[in-house]
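Input sequences plus hints: build the corresponding full structure.
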Amino acid sequence: MNQNIKKYLLVVTVLFISFNCSSNKVPTTKNNKAIVNIETDFTILKVRTAIDNGSSYIVASSYEGTLIGVSYTGKTLWKNTLSGYMNHDIWIRDLDNDGTDEILAANADGTVYCLDSKGQLLWKFKKNSAPMYAVTAIKKDNNMYVVAGGLDKSIYYLDTKGKLIKEIKSETYSIEKSRKSKGERVPEKSESAANFIRTIQNKDNTETLVVLGTNNHMNVVGTLYFFKPLEDLPFKKTPIKAGKNIKGKLRIRPIGDFRVVDINNDGNKEIILGASAHANDLLVSTYSILKDEFSFNRIKKVSFGYDIAHSEIIKQNGENTYLTRVGNQIHLYKANSLEKDVERLVGKYAYNDLWKDPKTNKIILASAQSGGSEIHIIDTSVKSWKKEFENLEPNGKIASILKNTKAIREDLKNYTKPSFENKSQRVYFMTEKVPNNLLGLKNKISNNYDSPIFLNSMYLRNVEKWDRSKVTNEKYKKSRDRRKKYTLTQKESIDLITKGYEGEPGIAYWAGHGNDPYMFQLGTTEAIIDKANGKKTVLIYPEMEDHSENLTFLVNDLAYPLAEYAKGKNTTIFLRSKHVSWLGSNYQKPWARLMSGEFADVFVPSMEETTDKSMELSLAGRTGMWASGAVNSWGTRSVPDNTSFDRARQLGYQRLPNHFLRMLIFHTSNGAQFINNFAVDQDYLSVYWELIAKGALYVPKRNEILSFSPVHVSMKAPDHHFLDDGSNVKWNVFYDEEFEKNNPFVMSRLNGSWPAAPVTDWDFSRYAAGVKERRLNFLAPYQNGLVMITPPQNGVFADKNAPRGKLVDHLHPLYKNIMKEYITDGRNYYSADGKQTFKADEYYKVIEKDIKESAKKLPITVGGDVAWVVAQVSPKHLRLTILDNGYINPEQSTAIVNFNHIKIKKLTDVLSKEEFKVENSQTKINIPLGSFRFIDVELIEAL
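Residue 793 in numbering that gives the first Met the number 0 sits at position 794 of the sequence shown, and the numbers go up by one each step.
Among the hints, erroneous ones may be present.
[Stated by the list, open to error] EDC-like, lysine to aspartate or glutamate: derived pairs with alpha carbons at most 20 Å apart: (1) Lys483 x Asp466; (2) Lys299 x Glu389; (3) Lys771 x Glu739; (4) Lys432 x Glu689; (5) Lys740 x Asp760; (6) Lys314 x Asp356.
FYI, nobody ran anything at the bench for these hints, they're computed from the structure.
These figures come from a predicted structure and were not determined experimentally.
Written out as structure tokens, the structure reads:
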């Protein structure tokens, strides 16, 4: 061959190889020798390690339930989306003794999945629709078995091909008890669900199965049940509690982490349990199987938040040492260490999970809780690892969020509200903590803009001690809130609180709580209102939901008399309720006066969405109340445990509150005026203040919104089981297979047995809101318009004399002749005359079709993984707000904007000034990851 040709071919070959290698670079960032960061493009919730051909690799589970295999060099080895629902547990073990591990996943759709080392599905097992929650594998007589447990209260033995060997129902062995509570349904039997199932490898090479059973994911710690493989009954039951040798008060909370380790290298295993709790209650409990006793390490000096204490054992200075990840910290300590001996590493972010690779001894962190996308590998044998952890700044999604928010800030500097735009509604910041470095910005806003208004937020540790002997209700006569000190006289209470008005536009404070609504007697609160001299007063009443006869007393003795007095005095009663308060409980008879609109200027419905799985429903309920005229304002709240839909797995320590920012913008652009925000990073969140002040974020009146669906669902007197299911969210043992099959509900799977579970095909949440699961739907897509839940408007269920008037009279004129009403009680649908009943799993098809058809009557609809709102800001201008709807799993997304019966002159991003073209009555708009856009839609003709 010609030498020149040979040289040419050699050059081409080298170039090809170079190009091929460069195009397959793995997304690995090595900060230095101690910590390696691997980009996955997913928000990773769980990490484990597996063996393939003698080498270990990382198995990770994403927010969406995708399993991925990742090498230590950062290469994605395989990917399997499974069901598209989250994995509550993953476990790794060699099931067929070939030296290569299989991967097991307990999925929220009720399935156990088994994958091979290439990520290929080997088999799956599903008994029913209750979420599978825990999985492990155990050996007996050289035979391997998979053991899984679901929220159906059973544990299942499967062979290595996925065939069911046996089922053990918890009622045959459980000792969990139910605490009676008046007006609340409790479990009838001693049943439990498997919080964890793990295998203990004994010193004699036999194995023991241990099940951590509990019946309440928020309040019950549970019991360790020890089984010999395949046996029906445990040979030992060990409640998790402090022994008599433990000094001082110890609050043991539900368990969110379970490790089996040999702490002292004696061949006997210990169990390390990490609490899932508020920062004040974080605890690591260690159970010695040999000694049959617990020891405890309190986790202290962690600031406010909710998290899991994840622990592993590492070598430090030649000694076995606990490494506990909690909040944005790592704690290093020995068993029974004194507080002064605990070493604390304070980082910048909290992480979703922690795992130690038993082959390499490296510590692996899942993604940052703030929506991160990296896996972080820590080599604790490298001296610099501690300093590197403290300085760790995740790249990937976290970096994108910060970059995209910075771009918003830069564009906002040059934004001026157009003269044609209507006046935006006023927004009240009720609890906005302003650090010293932001006082200048706050004062600039207060001095130059009408909105937002920063109220003086008053935290009152001390409340009124008054004579309750004349209170005729026994519950409220005795009720006290353990967080408060009852020390103040009436005069001291009035003087203390009214001092808060000085130099401020108004005040906001807890006037009571569901635990004790009578922290101040009625006369005291009335006197405080009188001394406001016209300034704004917001009386906050959290958690006022009650389904018992006590509610009737409370509203007639306190709520309505106070509302009567507050009328016309610039006073708001901010009812910060929970669960289905504003789409079910409010339609009970005691709340009839509130729902009538008699106190529309006083009551403001808001939510505590903690422990809930129904955010898209509460939004429909509050906007429906507002649009109907029952109330003239509505409110919202952001707090760290908004993410705690499953209290046994609380990951509520986001240090970058991007999820707060997007939710608050979404709710504000839907007309929310009263904002109850918990400060996490006010430097970051202060962009929200400026967006409101400068008018980029438009706060519409209800008659300006054009993204309400013309179809609304009205709630008659709610079905009792629906109310209980929607409010009874802590017990997790209510699954009843027979009941589920025979009782379809319009809104269901709301109780504690359904964390992250799929919603049914006939559920309002699917066909109306467009969501697929019971998990953190704060930014529901509602692609056909927001389907409101309202008071009945027509027929026998309507209150035709209610002061609020008709729904349609409060809406944009566009809705005048296009509204369509469907009536429900949460279980069935009903005809307006009350004579016909329609089953949820049949009639939903009629409503779903109507919603889709009616959407064509709206000027704009938006599809894609986004949340959106449209409001008319002038005769020829609409404001379209679009947000990335991945609450804690943000993604770059594309909004598909459809225009119906309107002619577009111009489409412009009001901040970046980017313009968009309309083709075939549609345009596509890129929404940056973790971000949002405000689009000015200029019309050729006035709407």
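Going down the list of hints, with the structure as the test:
{"no.": "1", "hint": "Lys483 x Asp466", "result": "holds, 17 Å"}
{"no.": "2", "hint": "Lys299 x Glu389", "result": "holds, 18 Å"}
{"no.": "3", "hint": "Lys771 x Glu739", "result": "holds, 18 Å"}
{"no.": "4", "hint": "Lys432 x Glu689", "result": "holds, 15 Å"}
{"no.": "5", "hint": "Lys740 x Asp760", "result": "holds, 13 Å"}
{"no.": "6", "hint": "Lys314 x Asp356", "result": "holds, 13 Å"}
The structure meets every hint from the earlier list without exception.
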